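Quick mapping for you: the protein sequence lines, in order, are chains R and S.
Quick note on our numbering: the first sequence kicks off at 1 and runs consecutively.
Quick note on our numbering: the second sequence kicks off at 1001 and runs consecutively.
If you are wondering where the hints come from, they were derived from the structure by calculation, not from laboratory data.
Among the clues, some could well be false.
To be verified - Here's a subset of chain R near chain S, in silico, CB distances under 8 Å, partners left out:
no., residue
1, Gly-18
2, Leu-20
3, Gly-24
4, Tyr-29
5, Gly-64
6, Arg-81
7, Pro-89
8, Glu-184
The model shown is predicted, which means the values in this text are computed figures rather than measured ones.
Just so it is clear, CB atoms sit at the ideal spot from N, CA and C, and this is done for glycine as well.
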Amino acid sequence: MTADPRARGALAERWAIGLLRLPGGTQPYTVSLRDIERDTAWARQVFERLGVLPGLPLHLIGTGCDNEILWPYENALIGMRVPFGVAEPVAIDAPRSDMFLRRFRMQAVVGLSGEIVAALLALGRDLHTLLGHGTLVSLPDALPALRGAGLAPWTMRAIGPIWAFESPVGDGAHYDQSEWLVEEHGGELLLTSRAPRATPFVRLRTGVAGRVELRGDERLVLGG
Amino acid sequence: MPDLPATDQRYLEAVETLPRPQLLALQQERLLRMVGHAYEHSAFVRHHWDAVGLRPSDIRSTADFTRLAPLMDKDQMRAWRDRHDDPFCGLLCIDLADISFIGSSSGTTGDPTLFSYRWGHTDGNLPAGPGLPADGPSSYWGGTLRDWWEIGLRPGDHGIYFGLRMRGPMFRLLQSLGVTPVMLGYGPDDLHQFVDLSRRYRPTVFYAMTAWLGVGLQEIERTMGIDMRDVFTSYKGVLFAGEPVGPKMRRTFERWGLAGRIFNQTSFGDLGHAHDCREHDGCHAWEDIGVAEIVDPETGSPIEGNGRGELVCTSLVNAVDPLLRYRGGDIVDLRRDACECGRTHARFTPVGRSADEVLIGSRSVLPMDVWGAIEDVPETAHGLFQIVRPQRVLERLKIRVGYSGTPALGPLRERVAESVHAAVGLLPEIELVPNDVIMQSGSRHKIPRTVKT
């Protein structure tokens, strides 16, 4: 009854069209099924590095308009047999995250935003009680409040259409180097695709402040 | 998995036009199987059936079921959840480890309740997504696929997807029909991108239109002189979800060339979605996916045949967290005659929600009754309003109404009150607030149309 995306050439090449959100505005870009499969493989590595285990619930916060970025992470969780509950990273949806965090003992919370954390505090929640038992991965704007509550989150940095992840010790953020090259120019991170992605980027100005350090074979992104 | 039908075929699946006796036989077969499954695995169902001394073996037909099985509602589910510290309200019939995705309700009436899906594969890119098991009948989203095929989505198309995530990755449904989703959101630039992308890709569907987005498009038309007829020229369907389109907003979209191409997506009693077909004569309740009944909203007594009542639905194919005789509070007009489109399943037209009704004396007022009157006043034309409903029976109708611009509030209050008076015969108390205040009171897909204070 349904079409297999793999069997339909047009859909495999044009799996989705997303909006790249850059400081100067937005621009549409296409992702292919190949891109999604490669990004799913990377997302799985991320979750394995976070110590995510099958069978235990996880809360994944992300925005629906970023589905082409988010879906590989969801797909990785499906593949790892990790049940996950979702919410949007905006204050208006904070009651949903609040519900998930009160009613489940989440093994990890990924994508915590400053808006959500502020809204949880406004609801009178104790961040340590709510979040202290699992692995946390937050956007940079949530870090001060989380650290202030004695928590030690990972950091998730958006660099154009990709996410890079830095451990709580702050030793630099890892990204998928098989697909992307991140460079720094004048304190701004530039993104280049290294693989045949549906929409290739060459030194895309991301508007993200930062720098890149080479450690061994790996390029690590550090905050600006 | 079988391929899609030829693009000129109107129906996605043969079951859509199954002669009614065969459809009801299929429904009964699935119902009897579901009753046993739910009683065995759902603590909630077992508790409530035991409380009235009912066993699955007592149910030998659909008629037995609708006569004997207890009704359930969200208050009972929440009570179970709180009493047992069970986020799934006692409904989960499988192990937590076997769930893929935990979705949740809008939460407009309290803590959101959960909808859980089992994917059926370890690769979410395979077409059997939530509710679309490769080895069984279509469930939660299967009906949505049929409806979207009916609207006219075909492989190779593009579809605008302004989807929230709480119900799951519904863009996968577009892809299941071979349609490329164009992912947009609520950023300040996204509606402008929508205009450009509509001209570039000529999409065939917009999912999901809301009052909020409609207001934004009107602003773009007004301030930039954009020809919205051209923007929407390729669209076979603009789907309103979360809440229906208001009368004036509908007229705006019709002015943009979309007459006959505006579709409502509503809840099929929380079993899935229901949409109107191209005949626009009610939303199809897929009766191989669920049992649809109507009951008296006050007494809960079944109403036979066609008529108006509270929609009560039973899952037939959801093995994960099935609802049995669930009353979701939607008041509908239900019909079981065949639709002009050729489909044999029941249809219903949402009238309102029982939780939204207020009684002023003996006069019943639902949000839809005042919607058009509020839209008719230019400063409140966006139709952003909430009936203040501390309880069902009130001495006076009070409505909080959003306005745009910087109007003189005293005269505006009088004009809105007069417009509502003309529509419903009751002179309301009007509280005016800026549009943003109303918008911030709910999700971007759904404004609570009644509030307690």
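Hints, verified against the model:
no.: 1; hint: Gly-18; in the structure: holds (5 Å)
no.: 2; hint: Leu-20; in the structure: violated (10 Å)
no.: 3; hint: Gly-24; in the structure: violated (10 Å)
no.: 4; hint: Tyr-29; in the structure: violated (10 Å)
no.: 5; hint: Gly-64; in the structure: holds (5 Å)
no.: 6; hint: Arg-81; in the structure: holds (6 Å)
no.: 7; hint: Pro-89; in the structure: violated (10 Å)
no.: 8; hint: Glu-184; in the structure: violated (26 Å)
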